[in-house]
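Enquirer: Let the sequences and hints guide you as you build the complete structure.
Next come the chains, spelled out residue by residue.
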Amino acid sequence: MDTVIIDGLAFALPLLIIAIGGIYSERSGITNLALEGLMGVGAFCGALAVVLTQNSVPTQSIASFGIAMLCAVLGSSLYAMLHAVVCIRFKANQVISGVVINILAMALTGFLTSQINAAVFGQPSSKFVLGVLTRYTVPGLSEIPVIGAIFKGVYPFQILIVVVAIVAWYVLYKTRYGMRLRACGDNPHAVDAAGIDVARVRFGAVVISGALAGIGGMSFAYSISANFSTSIFSGYGYLAIAALIFGSWKIVPTLGACLLFGFARSGGYMVSGMLALPSAFSDLIMILPYLLTMVLLIFFSKNNNPPRALGEVYDKGKR
Amino acid sequence: MKTKKILTDKKQAMLVPLIAIVASLIVGALAIWLVGKDPVEAYHALLQGSGILPKQSYAAYKGMLTDFMSFLNALTPMIFTSLAVTVAFKAGLFNIGVSGQMLVAGFMATILVGYSDLSSFVAKPLVILIGMVCGALVGALIGYLKYRFNINEVVSSIMINYIVQYVISFCINMFYIDTVSRQSRAVSQAASLTLKSVEAFGYKMDVPLGIILAVIVTCLVKVVLDRTKLGYEIKTVGANRQAAQYAGIRVGRTLVIAMLLSGALAGLAGVTLYLGLNGSIQPRVLSSYGYDGIAVSLLGNATPFGGMAAAGLVTIITKGATYMRSIAGVPQEMAALITGLMLLFSACGAYIHYLMNTVKRRQQEKEIARGAKRTVDSKQKEEA
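Keeping their order, the protein sequence lines are chains A and B. Note that our numbering has the first sequence beginning at -7, numbered continuously upward. Note that our numbering has the second sequence beginning at 27, numbered continuously upward.
If you are wondering where the hints come from, they were derived from the structure by calculation, not from laboratory data. Owing to the predicted nature of the structure, the values given are computational and were not obtained by experimental measurement. Be aware that a few hints might be false.
[Claimed, not checked] Only part of the chain A face toward chain B is listed, based on derived beta-carbon distances under 10 Å:
id: 1; residue: Leu74
id: 2; residue: Val78
id: 3; residue: Arg81
id: 4; residue: Lys83
id: 5; residue: Asn85
id: 6; residue: Ile93
id: 7; residue: Ala97
id: 8; residue: Thr105
id: 9; residue: Ala234
id: 10; residue: Leu267
id: 11; residue: Pro270
id: 12; residue: Met286
id: 13; residue: Lys294
A virtual CB, placed ideally from N, CA and C, is assigned to each residue, including glycine.
Expert: Right under this line is the structure:
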């Protein structure tokens, strides 16, 4: 039972932070299918920083973790600016821009990884090895039955994600900036009439979504894959999009959707482990979260409210 | 009266992808030069690798035709995925599930026909038919979920992609695995849409039958979209759903039909990939053709023939990459990078349109101003 909660959270939280990134972008009116690419670029930059500094900073230390997260956030924010510029300044179709950004991210990181490995380390390899991050257990709290598992085997990035997620929730719902951001997604003309630059707000929102996706990507690189290679582009970003649409573009319901994905996944693995099924059956277990989502969507999609101006290029002259 | 040449809309639509292509090739050349290789040699090698220009030397039984046939073989699924995306796009839908639809079609055709001992005259048409039907069913399901339950097609497609990928992986691992290649067992030659090692003109080559079908289907899609009531309805729904409704078009039905058509085209892509180019299915892997199709369709202005041309271009780059590496020493990932840039630049097409339209409008305004001045001048003359 404990492993279900531990592994479920370790999967759900990175997914959540990517999804919150998506919520920021989409609530401001910019469709963001680029989350997958942003996440990957974040992981690439973070992993690169870890590998480059490994001689002076030990890879498993908190300092190395901090450097990795910082570089992941910076790298993916920078890359998100590309999406922002293409969508806002160049008025491109946002869905298409997102898909293209993903394709480019995979090509770019794959290319750079092998180039850097060859040039800096002199060995032809297509991945940066990170190793799984050390897990921590909170003494005392982890002794509580059932709920205690939340405090057992916690990755450092999980704590970071919880803090960032709470801040992100506060900013989006309780500050003036957050209100303007949400208004940009529903009625950009009103925001413009109030004397606020819609393009600037949206640009900021897309960059924030990049930063948050970077945290998520680096977390996946640190836990599930334990290295960076282009195999990290395995659809977590798209899954985050599914979670946020499922959560109707609101942070708290999206948390629920992410937890559902996480627990269905870890629970499925536990069941297949208990029944000692052949490994092929794990594929069947893997469909659980997706199947569950489909079924729930059939019941709940009627009251799905996307931001009203989502995906529309803002045109001042249009009414 | 002299007027400056103003580009027509159609010419302008063609110009934007061209600008994107040239720009990306220039940036690509720059990147190749930065790695310390010769860009001209690299691009030359790309064309050689896809059998468009002759190589210096060939192995026995191999020639330019061999390379060109294998290029066509890789091109066929790309044309179909691009068409699938285009049709959905015209209806204002975004078919991100092409890969999943391809996989279902390829898998069903493989187990129903690929492992049977039907003769090739029965098997090949049957493969195509099953592929189309299976792809269409999955596509229609996504359309139906959208219409009946208001489920965003992007989400349902992603979910279905995952479900399909894992279920089929399970089936292959349990029942159809080839223990050596770790893929599904190869399909019979009778069912394969690519004729393997055909000897002609002194060469041995793989002849893709699907390419003929791809050309025919592209023409058909063009006719359906531009010349039929259904095509008109699809485009109207895509342009403005409410206007379509007020015009008496049954929007829901049109959406489902558009997804059904899109799925059928994706199904064709699936059979030409899994029972043609590859001949087997790798479990747990979704083909990247689905995502590439989105981008290729865009590069081709979301038109059937434009998509075909764009598919050709992208396939030249991916197909020639291996030869480029061996001849010019340029890393293979460079090809993916150039393709990515090409797509990024063409995504900015709207901006290029916008710039061109601004120039156009300024010219027209000048014309009007000049015209107005002339009338004023002539009036003054009359008065004088």
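Enquirer: Confirm or reject each hint.
Expert: Quick rundown of the hints versus the structure:
1. For Leu74/A, the interface hint holds, since its Cβ comes within 10 Å of a Cβ in chain B; the closest pair sits about 8 Å apart.
2. Contact between Val78/A and chain B, as hinted, is supported at the beta carbon level, the nearest pair being about 6 Å apart and thus within 10 Å.
3. Look at Arg81/A: its Cβ gets to within about 7 Å of chain B, closer than 10 Å, so that hint holds up.
4. At its closest, the beta carbon of Lys83/A sits 5 Å from a beta carbon of chain B; the interface hint therefore holds under the 10 Å criterion.
5. Proximity of Asn85/A to chain B holds as hinted, the smallest CB-CB distance being about 7 Å (cut-off 10 Å).
6. The beta carbon of Ile93/A comes within 7 Å of a beta carbon in chain B, closer than 10 Å, and the hint placing it at the interface holds.
7. Here the hint on Ala97/A is kept, as its CB sits about 8 Å from the closest CB of chain B, short of 10 Å.
8. Because the smallest distance between the Cβ of Thr105/A and any Cβ of chain B comes to about 9 Å, under 10 Å, the interface hint for this residue holds.
9. For Ala234/A, the interface hint holds, the least distance from its beta-carbon to any beta-carbon of chain B being 5 Å, beneath 10 Å.
10. The closest approach between the C-beta of Leu267/A and any C-beta of chain B is roughly 15 Å, which is over the 10 Å cut-off, so the hint fails.
11. Taking 10 Å as the C-beta cut-off, the interface hint given for Pro270/A holds, the closest approach to chain B being about 8 Å.
12. For Met286/A, the interface hint holds, the least distance from its beta-carbon to any beta-carbon of chain B being 5 Å, beneath 10 Å.
13. Interface restraint check for Lys294/A: the shortest CB-CB distance to chain B comes to about 6 Å, inside 10 Å, so the restraint holds.
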